[in-house]
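Residue numbers (the working numbering), protein chains in the order written: chain A, 1 to 302; chain B, 1 to 251.
Taking lysine-lysine and the DSS-like style, the derived pairs with C-alpha atoms no more than 25 Å apart in a straight line are:
1) A:Lys133 - B:Lys92
2) B:Lys19 - B:Lys92
3) B:Lys4 - B:Lys92
4) A:Lys113 - A:Lys180
5) A:Lys150 - A:Lys180
6) A:Lys113 - A:Lys150
7) A:Lys270 - A:Lys230
8) B:Lys19 - A:Lys133
9) B:Lys19 - A:Lys88
10) B:Lys92 - B:Lys22
11) A:Lys133 - A:Lys167
12) A:Lys133 - B:Lys95
13) B:Lys22 - A:Lys88
14) B:Lys239 - B:Lys4
15) B:Lys239 - B:Lys95
16) A:Lys88 - B:Lys92
17) B:Lys4 - B:Lys95
18) B:Lys239 - B:Lys92
19) B:Lys19 - B:Lys4
20) A:Lys113 - A:Lys133
21) A:Lys88 - B:Lys4
22) B:Lys95 - A:Lys88
23) A:Lys167 - A:Lys113
24) A:Lys167 - A:Lys180
Read the hints as simulated data drawn from the structure, not as lab findings. No experiment lies behind these values; they were computed from the predicted model shown.
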Amino acid sequence: MIIAEHLTRRFGDRVAVENLSLEIAEGEVFGFLGPNGAGKTTTVRMLAGLLAPTAGRAIVAGVDVCAEPQRVRLLVGILTEHPGLYEKLSAWHNLKFYGDLYNLPNPEAQIEKYLNLLGLWERRFEPVGTFSKGMKQKLAIARALLHEPKVLFLDEPTSGLDPESAKTVRDFIAQLASEKRTIFLCTHNLYEAEQLCTRIGLIKQRLIKVGSPQQLKRELYGRQIVIDLKEPISLSEDLQLPFVRNVQANGTRLLIQLDDPEAQNPVLIKRLVELGAQIQFVREHDRSLEEVYLELISEEKP
Amino acid sequence: MTLKRVRVLMMKEWREAFKGGKTIWIGTVAVPFILLGVSLFQLFQFGDFDRVNPEELSRVVGALFLVPLLYFLMFPLVIPHSIAIYAIMSEKEQKSLEPLLATPLRTEELFVGKALASILPAVGITWMAFALFVGVVWFLLPPMVLEVAWQQFGAIWLMALGLFAPLAAAFMTFASMTIATRVSDLRTAQLLSSFAMLPVLLSAFFLVFQHLLGRPMLLGLLALGIFVLDLGLVWLNVKLFGREEILTRWR
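Next up, chain A with everything else stripped away, as it sits in the complex (with noise of 0.2 Å):
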């Protein structure tokens, strides 16, 4: 749905974003991680067909967004930073010229359906200025999904939000993944990008890495298993066991790297409980994205 090719963006000197190269298949949530300036909002307004790359091309929704950005923002919907809404009108009236503007054969069902979808139907006709920032964010989604996209831009969608508005913009964006459509997140929340997306990119102006959540964790710490013991033990004596790849020892608390705990586990657990240990609890250690994500940010060079 999304193919990005070499996509680079200069302002001037300055490298927004460098020979970026990504595929994002159809019914994706894919998760765009990356620190402040790092060049995420000027990939999403290339992708949305606003801003013309310095070089590289990108297909979204089999259109070149190049050849044919107006094509491609007629299928694709944005959700901005800032919300952007016109505080002086009514959320009717905002949607209903948004709609107008998509040439919609039937704006005001699709006004109907989505202000009650977020909630915001018993308010429709009151100005916007008058809303709480979440009725605000849930007003701005409904505009970028009045005319039905297919591909859906997100930017920082919960940023700003209280813990329940946050969760409802959640729960919305996952009922929209499950109707098939693309969803391209932008987000520096990373619970939110570790709770929804089934992919993450990391971009420091380039892409520095691309996969799952857990294929990043693994691949940047392999998999851990932790240990929790009744006393502790001496592991002066080797383990002598070959796929173990590192033991760390911290107290009653042994953490051991293997490459395929389901296969392994049974015979390191037989191998330490014939070394004297007493084992209360095994568990694998869960990394969390934000680990994740610091260490890669880190490693790329300014």
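Given the coordinates of chain A, assemble chain B onto it according to the supplied hints.
Showing chain B alone in chain A's frame:
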């Protein structure tokens, strides 16, 4: 360019501008009609036109109709000022340009829609004010007043309303939009665009007081000068209204 999208944008501008508070209502609708009311009041204050001899009538009409003429030259410059600035500044303040540019709206449609949203009311209100003025004079004053006025002012009225008003409204709109794209503060935009208005307004007033009566073509020459300025401002605005320019340079 799709006229429907231009119309949709124009309607949005009007809806938003006139919900924008008293300033725009006062500047665009109230002030012109108040000024016109004052002029009509002065006409009625004069008393009985029937008792004045023809020579005296010609002199009186020449004096009494001069101030309304100034208003008809002033309205097309003053009215678009607030709407044109608001059309740009409100988008910048609300950060609504990016979602707007993400729609199929073309940048030329954006420019034309926003420009027409202030040119049309300016010309429309000027014409309406003139029609109201002439209608009241025709209906409430002796017929010879309008006859004498037409002899003296007819050609200038036609030139002022038919040529000067649309071109001056376009000039003020383009100038205000250009300024609004370059500054980040509403008051600075208003101040700078008022300065842009002054040379044209003063030239028009100078012509009226010094040379215009009997030589309406001078106003035509002024209109031609404004037309040249309009072309220059359109050229400049075409550059300023590039999608990338808006996204990266409008602050």
